[in-house]
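Asks: Quick mapping for you: the protein sequence lines, in order, are chains A and B. Take the first sequence: its letter number 165 is residue 165 in our numbering, and every next letter is one higher. Take the second sequence: its letter number 60 is residue 60 in our numbering, and every next letter is one higher.
It is possible that some hints are incorrect.
[As the list claims (entries may be wrong)] Heads up, simulated DSS-like pairs for lysine-lysine below, C-alpha to C-alpha not over 30 Å straight-line:
hint	chain 1	residue 1	chain 2	residue 2
1	A	K135	A	K50
2	B	K142	A	K3
3	A	K169	A	K50
4	A	K169	A	K93
5	A	K169	A	K260
6	A	K264	A	K230
7	A	K243	A	K74
8	A	K169	A	K264
9	B	K124	A	K3
10	A	K53	A	K87
11	A	K85	A	K260
12	A	K2	B	K8
13	B	K8	A	K3
14	B	K142	A	K2
15	A	K2	A	K43
These are calculated hints, taken from the structure and not from any lab test.
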Amino acid sequence: MKKILTELAITLGIIAAVWLGLSQVDWMKLFRIEQATRNTEEKIGDLFWKMLKNTETEITSDSIVAPVDSMLTKICAANSIDRGKVKLHLLRKDEINAFALPNNHLLIYSGLIASCENEAELYGVISHELAHMEKNHVMNKLIKEVGLSVLISMSTGNGNAEIIKEALKHLSSTAYDRSLETEADLTAVDYLEKAGINPEPFANFLYRLADETKNLPSQIYWISTHPESKERAEKIIENIKGKSFPNVEAKDSLRFAGLKTNLKKSS
Amino acid sequence: MIATSTFKYEPSEHELEKAANSYVMSLVAIMGGFPLPIINLIATFIFYLGNLRGTYFVRWHCIQALLSQFFLLPFNSVGFWWTVSIIFTPETITSRYIAYILTIFIFNLAEFIGTIYTAIATRKGRHIEWWVIGGLTNLICKDK
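Excised from the complex, chain B in its bound form:
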């Protein structure tokens, strides 16, 4: 799901730290955003805005972190509103609902572990490209 490749140039120590921070930012936000999936996205987006004028390497990783949040957002939102409807409407808990919550839990956990791994690897100077997200980031983020 994640692949290590070489970036177009050798990033400086300062860039590595900033790029790794974009992943740390989404991790911190996950803690606060578990019941409200939109919070992770907002936090990562704010960090991305703060680094719009950053170097190519920093921007690239900020966008990858942001897109990784976007990817699970619809799935988490469905889970959130499904839960709300169970609490506040006649909708009841079913095996299908529990299976869905478990599914998004597994994928959120995978993303969480992937984010930790990427943050550490980026800090060490390795360029990590995620499955799907990495390709999309390459499409969006261009070297100025």
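Bound conformation, chain A alone:
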């Protein structure tokens, strides 16, 4: 029996040593997995954006894009996120919706900006979508729901328009897993805190829209695609309990009021 146990221990030791030894090799680099994943993500993200650009109206007015852009820049700068990689697009649509596409495309509908009562709410939404990007939720969701083979075929130009549309719908109008949404919320709270912005208005935004959903379910995509909004808002409040935040900057408030006025004028 002792001999068997010794042999078993030696065998297990050899297996562990082989695994440990092979783990020292950077297989990801050797097989260029990260590069291949990045290429696929870039191609799919650009493909989705091209499709949306053809069907929706992009807002290009500086008076509207610049304030949102500077909000995004502020969050990125405070959290060491490379601002250059995030591609911000504002689309004219009444739907209250914002979502992230692969390759760091961030899309915000004018309906969502209009529904924000103050800049901190919009900061919250931007942070939440940034968190989805940074935590790689976007590609993971696509792989899970559409399948890796379909994504690769899309990125090589073999995907048919209907499949691409369906995949895009998964990102714009269906929810992430509950755990991913919670992770994005808590990361967003972290981003906001580092940028010196009070996350409470973000929680209020979730509360308010959850109530409004009862009356206007088809318009409020950002809430219908983000279930359990009240529960999520409570988690955010719980997370920031006891912490103090500086008052909202007057400059930001003025700029946000200007943004909403410009948005109204341009519609």
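Chain B: place on chain A using the hints.
Replies: What follows is chain B alone, placed relative to chain A:
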């Protein structure tokens, strides 16, 4: 890893064929069971049940073939579920995962080659005892 020894008695031609078949059975099952490691085990187990009343030599080799499948089962299962979690959950491919898959591939390959060798040697009348597995088989399988 494998050692040739002499069995307690001289097995007949019929016994040699049956004992060799137990290894062939696990080989055939490997083909179908690669993505689902449990299939090899089930196939070998069924063959073992079919030979429960066989001679000591046949039973001994059936058990060795069965235990060899048992040995790699936990490692293969971890690899299988790790792969499933990469496909269906946010878990991503890492160098550690690739190293694990390569490790179990190497050991499965070693087992595969060992099984072919043992099947041929058993058919020729040589009694092969595997490292770890042979000792365990001696503990489990007794001459009635």
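Asks: Run every hint past the structure and note whether it holds.
Replies: Evaluated hints:
Our distance criterion of 30 Å between C-alpha atoms is met by K135(A) and K50(A), whose separation comes to about 24 Å. The straight-line distance between the Cα atoms of K142(B) and K3(A) is roughly 18 Å, inside the 30 Å bound, and the hint therefore holds. Taken as a hint, the K169(A) and K50(A) pair is honoured in the structure, with Cα atoms around 14 Å apart against an allowance of 30 Å. Pair hint K169(A) plus K93(A) holds up; C-alpha atoms about 16 Å apart against a cutoff of 30 Å.
Among the hinted pairs, K169(A) with K260(A) is consistent with the structure: their alpha-carbon atoms are about 28 Å apart, no more than 30 Å. Proximity of K264(A) to K230(A) is assessed by CA-CA distance (about 29 Å); at most 30 Å being required, the pair is judged to hold. Proximity of K243(A) to K74(A) is assessed by CA-CA distance (about 21 Å); at most 30 Å being required, the pair is judged to hold. Of the supplied pair hints, the one linking K169(A) and K264(A) holds, its CA atoms being roughly 27 Å apart against a limit of 30 Å.
Of the pairs offered as hints, the one joining K124(B) and K3(A) holds, with about 28 Å between alpha carbons and a cut-off of 30 Å not exceeded. For the given pair, K53(A) sits about 13 Å from K87(A) by alpha-carbon distance, which is consistent with the 30 Å threshold. The straight-line distance between the Cα atoms of K85(A) and K260(A) is roughly 26 Å, inside the 30 Å bound, and the hint therefore holds. This hinted pair checks out: K2(A) and K8(B) have alpha carbons roughly 23 Å apart, not beyond 30 Å.
Simply put, K8(B) and K3(A) have alpha-carbon atoms about 21 Å apart, close enough for the 30 Å limit, and the pair holds. For the proposed pair K142(B) and K2(A), the alpha carbon gap of about 19 Å is at most 30 Å, so the pair holds. Only pairs whose Cα atoms come within 30 Å are accepted, and K2(A) paired with K43(A) is rejected, the gap being roughly 59 Å.
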